[in-house]
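The task is simple: from the sequences and hints, build the whole structure.
If you want the building blocks of each chain, they are given just below.
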Amino acid sequence: MSEQSDAQLVAEILGGDTESFGVLFQRYRDTCTRFAVRMLGSSSDADDVLQSAFMRAYRNLASCRDPDRFGGWLYQIVVNECRTFASRQRRRELRFVPDPDLIDRAVAEPVDDSAEPMNEHVEQALAALPVEQREAFLLKYVEEMSYEEMAEATGVGVSALKMRVKRACDGLREQLEGVYND
Amino acid sequence: MTDYRNEISEETAAFCERIAVDLRRPERLDASFDARLMESVRQEAQSLRDKTRSRSSWWRTERVLRVSPLGGLALAAGISMLVALSTLAIGSRVWSRSTGSVAAQAAIPTRTDTVNVVRFVFADPNASSVQLVGDFNEWTKGATNLKPSGAPGVWTVSVPLHPGRHEYAFIVNGTRWIADPLATKSSDDFGTESSVIHVGSSAQSSS
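These protein sequences, in sequence, are chains W and B. Using the numbering used here, the final residue of the first sequence is 1077, and nothing's skipped along the way. Using the numbering used here, the final residue of the second sequence is 211, and nothing's skipped along the way.
Just so you know, the hints here were simulated from the structure itself, not pulled from any lab data. Mixed in with the good hints, there may be bad ones.
Unchecked claim - Estimated spans, in silico, between C-beta atoms of each pair: (1) W:Gly966 / B:Asp34: 20 to 28 Å; (2) B:Glu11 / W:Ala902: 33 to 41 Å; (3) B:Arg32 / W:Ser958: 29 to 37 Å.
Where is the CB? At the ideal position from N, CA and C, for every residue including glycine.
See the structure below:
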């Protein structure tokens, strides 16, 4: 792992050293990957979105006003790309008429595999949340950001974020209680 | 930490913490991710270098430059939208026509040395920001921002496009995805509608 600071790497990239971008994005790739996969519910979609987000970061690197905080700046781009993609996903899903009975049966079916089923239920419940609530929940509880960090990453005010997190938590508990137990 | 716990019941917070433990597991992308990304970065860097060389060469060469603006105006209920098309021909004869209502469908005969500059104009008095996304900028939100034209509620941007078929849409106020109401529509895999423009081909409209 390079010991250069983010700002040094940014300067090198802007000076024409393309390969330094590889060092820089790898510092944040895993965190961004987890967020994107949870947000989109698909590794394949996360791959597409992160390719796009990282390329966008590369193209717009000169507009990163504080290179020492490259990670926060990159996170803004990733969060925006994921939100846009997830919103488009949601638009597509809204074109299908859901069958509530079928969904109930799917959730209520007993699961034989005790290693993975809880996560599947959680992922289903997460996917059912409105995009902005899912985003806020993941940033708060999974990425363990402060509300101030969340506000920077999303461009949304702290009070609105608190409300989104609360609604997400209430929604998840309502969906998962009885399914997700100790 | 105390902020959200003040608003979320302790039981719910504890429940969500349990869920989060599961969700904090690391995720891995396809092993080729890094290589694909860096290949794209290298291509982008090379492309920028080529463009820079091309531009400097262009400025050193004496050429005749003619601009022939073409325009199209489309108004939709509630939102009026105008997509105008112009072409900038360098060192070649410019095919011109009078302004007409062509939305995004105008096609301009081009020669191999012609640069096509498409001017997108969007009008919405309630817009605080307008972005253009399309296959030409890899649908990258924020990559191509329209700027206020000076007329109230009218936003414009000019984009150099290669000849051929292009899909595009506008994003208004950062969230609202809008396809040109008068242009030919195209849907992606998610059913999201975009608009289609043909640049520099002999076809007059898309289908």
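Problem set entry | CB-CB spacing for Ala902 (chain W) and Glu11 (chain B) relative to the 33 to 41 Å hint | This hint holds: roughly 37 Å between Cβ atoms.
Exercise. Arg32 (chain B) and Ser958 (chain W), beta-carbon distance inside 29 to 37 Å?
Worked result: With Cβ atoms ~30 Å apart, the hint holds.
For this session: Look at the Cβ atoms of Gly966 (chain W) and Asp34 (chain B) and judge whether their distance stays inside 20 to 28 Å.
Result: holds, 23 Å
Violated hints: none; the structure is consistent with every hint.
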